[in-house]
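Counting with the working numbering, you get residues 250 to 1126 for the letters of the sequence shown.
Hints are computed from structural coordinates only; laboratory data are not their basis. Here a beta-carbon is modelled for each residue, glycine too, at the ideal position from N, C-alpha and C. Hints are not guaranteed to be accurate.
As the list claims (entries may be wrong) - Pair ranges (Cβ atoms, derived): (1) Lys1105 / Ile977: 29 to 35 Å; (2) Glu627 / Ala253: 49 to 55 Å; (3) Leu1122 / Ile977: 17 to 23 Å; (4) Pro1097 / Asp613: 50 to 56 Å; (5) Ser353 / Glu376: 47 to 53 Å; (6) Lys535 / Glu513: 19 to 25 Å; (7) Ile977 / Leu844: 33 to 39 Å; (8) Gly320 / Lys1120: 56 to 62 Å.
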Amino acid sequence: MAIAAKYNPKDIENKWYNYWMENKYFHSTPNNKKPYTIVIPPPNVTGVLHMGHMLNNTIQDVLIRRARLQGYNACWVPGTDHASIATEAKVVAKLKEEGIDKNSISREDFLKHAWEWTDNYGGQILEQLKKLGASCDWDRTKFTLDDDMYASVIKSFVDLYKKGHIYRGYRMVNWDPEAKTTLSDEEVIYQEQQGKLYYINYAIEDSDEQVTIATTRPETIFGDTAICINPNDQRFTHLKGKRAIVPVVNRSIPIIEDEYVDIEFGTGCLKITPAHDENDKVLGEKHKLEIIDIFNEDASLNANGLHYENEDRFVARKKFVKELEEKGFLIKTENHLNKVGTSERTKAVIEPRLSEQWFLKMKDLVKPAIDSVLENNEIKLFPDKFKNTYSHWLKNIRDWNISRQLWWGQRIPAYYYTKDKGKFVVAETQEEALKLAQEKSGNSKLTLKDLHQEEDVLDTWFSSWLWPMSVFDGIRNPQNEEFQYYYPTNDLVTGPDILFFWVARMIIAGYEYTGKRPFENVYLTGLVRDKQRRKMSKSLGNSPNALQLIEDFGADGVRVGLLLSNAAGNDLLFDESLCQQGKNFGNKVWNAFRLIEGWEIDEKSSQPESSKIALNWYKNVFQKTLREIEDHFKKYRISDALMATYKLIWDDYCSWLLEMIKPAYGQPIDAKTYKEVIYLLEQNLTILHPFMPFLTEEIWQNISPRKTQEALIIQNWPEMQDYNKQLITDFEVVKEVISGIRTIRKNKNISFKESIDLKIINNENLKKDYDVVVSKLGNIENIAYIAQQEQNALSYRVKSNEYFIPMAGNIDIKAETEKLEEELNYHKGFLKAVEKKLANKRFVDNAPEKVVAIEKQKQEDAQNKIAAIQKSLQNLN
């Protein structure tokens, strides 16, 4: 088979991916092998491939391909998440472009549009992952709104409701006015923003007196129902029992007392708006205050906002502040740094709002999840520094607001059977609900028409927290063969930003439904940042096009570029040059293969001793590195595992072994050496395959004709064997000896074609067996072992061994002497300056210990260089 002169990823990537797919190498079914299972963190169905996905899925593919090579029944389940808020927003925007208002169509019609959008645009990210080489079992692709997945979520809700874990309550919630839905506390991002603190006067009823309050949100004055003072604040004792008048609104409100008020903050008087602040709501309930809601769903003011009705809250704020100033209520304004809650999804500023919502009690459910990670180490986090974050979240957990005011998602299976929606039943089907409603109401004449299902859908995370179970139908049918075989899964790879949103909740659900952990290990990747350490995002325009990177550098090059600079839990500072490094590595391996393939084979010639020694050395260094790689994988140091593989192949195989066994120009190679070097190449390709699957399969298939069952993707991972540590240690010396010869040749312009002699004082008792290797790579004519220094020779040391290359007219002794003397004078001058600094007592006593240590190291280095130069001068004379 003709081998291409240059490796071109475009020529082979689609070819081999289609080959793997056609032969079902990614597909898994239960068998007698031990399973290895990963479930993909389901990307949003609306999503496109970005750098975070590239990193996350490359790591997963490395793990799954390695497990496949190790003989596991490897199963990687892909899928997408319906992403309620994000998807509904996109569909609403599309409808708006078509002149359709969501509120003007029925739920059924809206869902038709949503499904149409999903069918046309959704899921493209999974196709993009194939370009990266992701070896998912695509036959198992799941979507969180698939019928079986939907049914699993509903079954879970009903089960938790029956157990008393789910309740419906009127609570203060986080309201996203752009998505027009509630959010859980964890979906709110608090950001420091520069705002204003407004000081406003309230008149005291039936008097000329006024009190001043300070607020950051003057528009909420329309919802004020009290002013609160601290009973211990002597400034306001005369106001007890009195009433105040709300500015502009002219509503009379009571002045109440509560120690909640911070005497030191603001003016010491606090306006109370129970409908729009969590703490105000608590005070409102305690003091039985009126509740006045001032906002519409989109955070514009409602009729309670008087003449600002339907005005956007921020527009109304500006206008209202101006009115307060004009009417003499606004006393002053100050700059104020404030933490503002924003929606993780839409980035809109959150409004606290009282609303009827569904909640899941978490306090009892969370205990096994705490124990498994923090107490008995049944589930391991890599790196374990995230245990602190995990502990803080779970030990301070609040009830989970699981309802969303959307149409796209799993509709809550609660059915109201009274017109005021005061009575309801919870059931998996309408028929079950009707039966329960008839029993509960005592009215057997109720029909399906009398039932009205809850309009809200469930929080998207309420479906994805079941993901490791529901993808195998473990909620609906926990005894099925696949669930029993594949669950619990092995590894989870995800970002630390969803450690609570998703990881912790999956752990909670796993123990609740199976009594087992959902996975054993959680590998938390870092965030991909640019060279300025900024998080990559569309808004900043600093995120490269993932598919263009693959186009430019090849999938293997991009995979290597990402992994070489990523360590678990540490952010990756992405630079395209890293992908170029990956591409260059691919070219290096390809050229090494071309070199080997270009050798003519002589079946009759015997194996040279130098090749025998070199091959024996590489087999041992391969085994040593294999142990290192295994240790790195065990500790989820994927970057280190790749670097160990990279160095082994680039340095030890390509740069050293091939040089040592390469036949002389125009000469054939003996068959035994060729066969062994090909075998070692195949071993290299096997351990490199998880990182660079396309390149390795291409070379593997070009080495010799392969049958389907001989594809690299399903070969066996190399077995670990004992290795000779002394041989490896000795060879490091040999490599330094050869490097020393090459350095002298280069510096003294001695042609590499010209053979030279080498004399050795062998203080290390290094075996003479290695001389054949030194002779070949250094082009040494004769090697002699001597007892004392060689005169008139160039010398260098490796450990305590001394090596001499006789001059024999190879260099100009006078010129070399002058050069060495110039170097000697420079280093003597440098040493003098360093010693002067160290002799300065003030410097030594006052400088940091580290700085003094650096100067002492400079002193020692200079002394060693001076000694070496003096010895070289001595040898020239």
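Against the structure, the hints:
no. : hint                         : verdict
1   : Lys1105 / Ile977: 29 to 35 Å : holds, 33 Å
2   : Glu627 / Ala253: 49 to 55 Å  : holds, 50 Å
3   : Leu1122 / Ile977: 17 to 23 Å : violated, 36 Å
4   : Pro1097 / Asp613: 50 to 56 Å : holds, 54 Å
5   : Ser353 / Glu376: 47 to 53 Å  : violated, 34 Å
6   : Lys535 / Glu513: 19 to 25 Å  : holds, 22 Å
7   : Ile977 / Leu844: 33 to 39 Å  : violated, 24 Å
8   : Gly320 / Lys1120: 56 to 62 Å : holds, 57 Å
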